[in-house]
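2 protein chains.
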Amino acid sequence: MYPNFAFDILKNDPKSRARRAKITTPHGIIETPNFIFCATKASIKGVAPVDMKTAGTQIILSNTYHLMVYPGSKLIQSMGGIHKFMGWDGPMLTDSGGFQIFSLGHGSVASEIKGKRMNNRPQTLLKITEEGALFRSYLNGEKHFLTPEKSIQTQHELGVDLVVVLDECTPFHVDKAYTKKSMDMSHRWAIRSLKEFQRLGEGGRQALYGITQGGIYPDLRRESTDFLNSQPFFGSAVGGSLGASKEQMHDVVAVAMENLTKDRPVHLLGIGGVRDIFNGVRQGIDTFDCVHPTRLARHGGALVKGQAREHLNLKNATFKQDNDPIDATCGCSTCQTFSKGYLHYLLHAQELLYVQLITIHNVYFMNRLMSEIRECLEKEENLESLEKQWCVI
Amino acid sequence: MYPNFAFDILKNDPKSRARRAKITTPHGIIETPNFIFCATKASIKGVAPVDMKTAGTQIILSNTYHLMVYPGSKLIQSMGGIHKFMGWDGPMLTDSGGFQIFSLGHGSVASEIKGKRMNNRPQTLLKITEEGALFRSYLNGEKHFLTPEKSIQTQHELGVDLVVVLDECTPFHVDKAYTKKSMDMSHRWAIRSLKEFQRLGEGGRQALYGITQGGIYPDLRRESTDFLNSQPFFGSAVGGSLGASKEQMHDVVAVAMENLTKDRPVHLLGIGGVRDIFNGVRQGIDTFDCVHPTRLARHGGALVKGQAREHLNLKNATFKQDNDPIDATCGCSTCQTFSKGYLHYLLHAQELLYVQLITIHNVYFMNRLMSEIRECLEKEENLESLEKQWCVI
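If you read the sequences in order, they're chains A and B. Using our numbering, the letters of the first sequence correspond one by one to residues 3 to 395. Using our numbering, the letters of the second sequence correspond one by one to residues 3 to 395.
None of these hints come from the bench; they were simulated from the model. Mixed in with the good hints there might be a few duds.
[Unchecked claim] In silico contact screen, one side only, chain B against chain A (beta carbon under 10 Å); selected entries: (1) 4; (2) 44; (3) 50; (4) 68; (5) 81; (6) 89; (7) 298; (8) 300; (9) 320; (10) 323; (11) 338; (12) 340; (13) 344; (14) 350; (15) 351.
C-beta: ideal position from N, C-alpha, C; glycine also.
Start from the sequences and build out the full structure, keeping to the hints where you can.
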């Protein structure tokens, strides 16, 4: 079903479920474990594709919801597809569009599925039915109806390599009965997504990921992974509510990973903290994505090793006359040239360039982390000792 | 007086005052005629120094006024000087700080000296005396007193290669008597600047430019150029009010250039249109500066040849599905990778990356223009036929 794609496990960690593998796509190879950066609206904010490559990036993602609302997937298709449109020739993934619809609908699903209520945003999600989700565009109030088929069609028009099924992002603050009902509907949506994917006939240009559901309930998680394993998806994504705390998230991921088939790549949706990545890798996660490294940069946060918060706040007055780079051992173009003092100055002077410079550092940081994890697995070295170099445990 | 600097004329145009020359500085050579880009607050907005270099840039400038107000020249000095601070290792110029003080003071000198009154900005210029100018910081209302000595000290602390004397930027809407009085004071300030420059003892690290005054009055212009020629400045700048129209500006520049000594580099302050550059080059101008190419980019304007307005407005709906680059003959990294349709999209989606991509194109465009002008002069070819390729005349 996926003639131009492959998933090859190169090495299994003897002490955990971690594996060193590679995903082959029509736009190149993704060495795993790896991290996927968010080019939400067909652009990494402030950073050109060539600089993403130089910073070691192998794969990026873009958000179907945003592109569907503007400029529209048909326009991008008419321009030769998203790779050509945005000047990125490496592998790409899109999500289904569901996350943002439910996120904007519930106030913020990012908070909601993590168990934090926050309902002060306009409610743009109008209706969820068996057929799909009706929502208003965040840009102009126009109504859109997203169905599993429509999501697959849109991702088909965008032309990315890795495509994800539409699911209902179940909120955290619902009971088990709602979670079960929602899971069952997401499974039916997954089947419809698969059918639409097959109907469109990709010619091997795209590969489809399913998403495990079941919230924080182990028996539902198992039911959902069994379902996923039984369907011809190329990869599996761990989604839905991952709990209210990091500990709960690790438990949820553990249950899902015990049961997911080992011969497919597994993506963990929306997780990007350094400790979380080590935990995920040990559970067998192959790819991660999160807005955190790039968004943090836009707020002046530079990722560093060995800090409890995993970053420095460069706005802090301590850095005013600091003539050292963010990290003297870092090989990124920012650390080669610029001091923390200059970045501190740019932030306070509101000089645009800080976005580019700090984002490049954070991207390089994540790529270096993933590369060292891969090297550790290749050499069958101890993940724990690597983790101790990167995190305060 | 300027041991590490040199100005060498390589070729004189037989049909005009144009010359192909080079300025040697401690941070490298500036091939002239050339264009100086504005890194107003120690940063080209949205573009890293390395990308400025790749786009062919030889020299940039920064604004003393802005840096004096924040972060302060002493901080930049303590960080190793402005080159190290901002990661630019090529030649740099700073202005005296005067232009912004008078600009913010009068509403806008950029309009004022071009003869357009516009007095709706807060008046931050509190007093001009023989001693100097008292003004309020645009950032926090703090009072600063800028004198000729203080300007030279500040530029000394910043550590640029080319330093400019403080002058009063005479408004356009004043009579000849005021212009004469203002010119005489600016001449006295120029002498004080020279003395302070000599007192500081640069060790050959910096070179000083004087500025011709005299507004639109040919006899005053001649008096001012005679004064400049008689003092040991390294270079001459054509400043003050250049008139209310392009024609008047060309006349004013012509009078100044007839009289300025030929053995010093001449800089024309604040002029950057393509036609104006051809006119200036023919008058013997060696360097130009203007915020226009970089500011225009931030408003979605891409410089192109052969258009009356000298640019395309990429926000325009015509470009929505335009799959061609800004200019298929342009070698810049933006034209190599991105379509006008994508840039149009980035502008409307308010995706930050457009600043970087369009600025790089405009910078490359100006550098290509200057490089073709230099080649034309080297080969003793016709400037007019080159101008016809670049401008609608």
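So, going through the hints one by one against the coordinates:
Restraint check, residue 4/B versus chain A: the minimum CB separation of about 29 Å is more than 10 Å; hint violated. The closest approach between the C-beta of residue 44/B and any C-beta of chain A is roughly 7 Å, which is under the 10 Å cut-off, so the hint is satisfied. Because the closest C-beta pair between residue 50/B and chain A is about 6 Å apart, less than 10 Å, the hint holds. Annotation: residue 68/B was flagged as interfacial toward chain A, and the flag holds, the nearest CB pair being 8 Å apart, inside 10 Å.
Given the 10 Å rule on beta carbons, the hint for residue 81/B holds: about 6 Å separates it from the nearest Cβ of chain A. Residue-level restraint check for residue 89/B holds (minimum Cβ-Cβ distance to chain A is 4 Å; threshold 10 Å). Interface restraint check for residue 298/B: the shortest CB-CB distance to chain A comes to about 15 Å, outside 10 Å, so the restraint is violated. The interface hint given for residue 300/B is met, as the beta carbon of that residue sits about 9 Å from the closest beta carbon of chain A, less than 10 Å.
At about 14 Å, the closest approach between the beta carbon of residue 320/B and any beta carbon in chain A exceeds 10 Å, and the interface hint on this residue is violated. Against a cut-off of 10 Å between C-beta atoms, the interface hint on residue 323/B holds, since the closest Cβ of chain A lies about 6 Å away. Hint status for residue 338/B relative to chain A: holds, with the closest Cβ pair at about 9 Å, below 10 Å. The criterion of a C-beta within 10 Å of any C-beta in chain A is met by residue 340/B, whose closest approach is roughly 5 Å, and the hint holds.
The beta carbon of residue 344/B comes within 6 Å of a beta carbon in chain A, closer than 10 Å, and the hint placing it at the interface holds. Because the smallest distance between the Cβ of residue 350/B and any Cβ of chain A comes to about 7 Å, under 10 Å, the interface hint for this residue holds. Because the beta carbon of residue 351/B sits about 5 Å from the nearest beta carbon in chain A, less than 10 Å, this interface hint is met.
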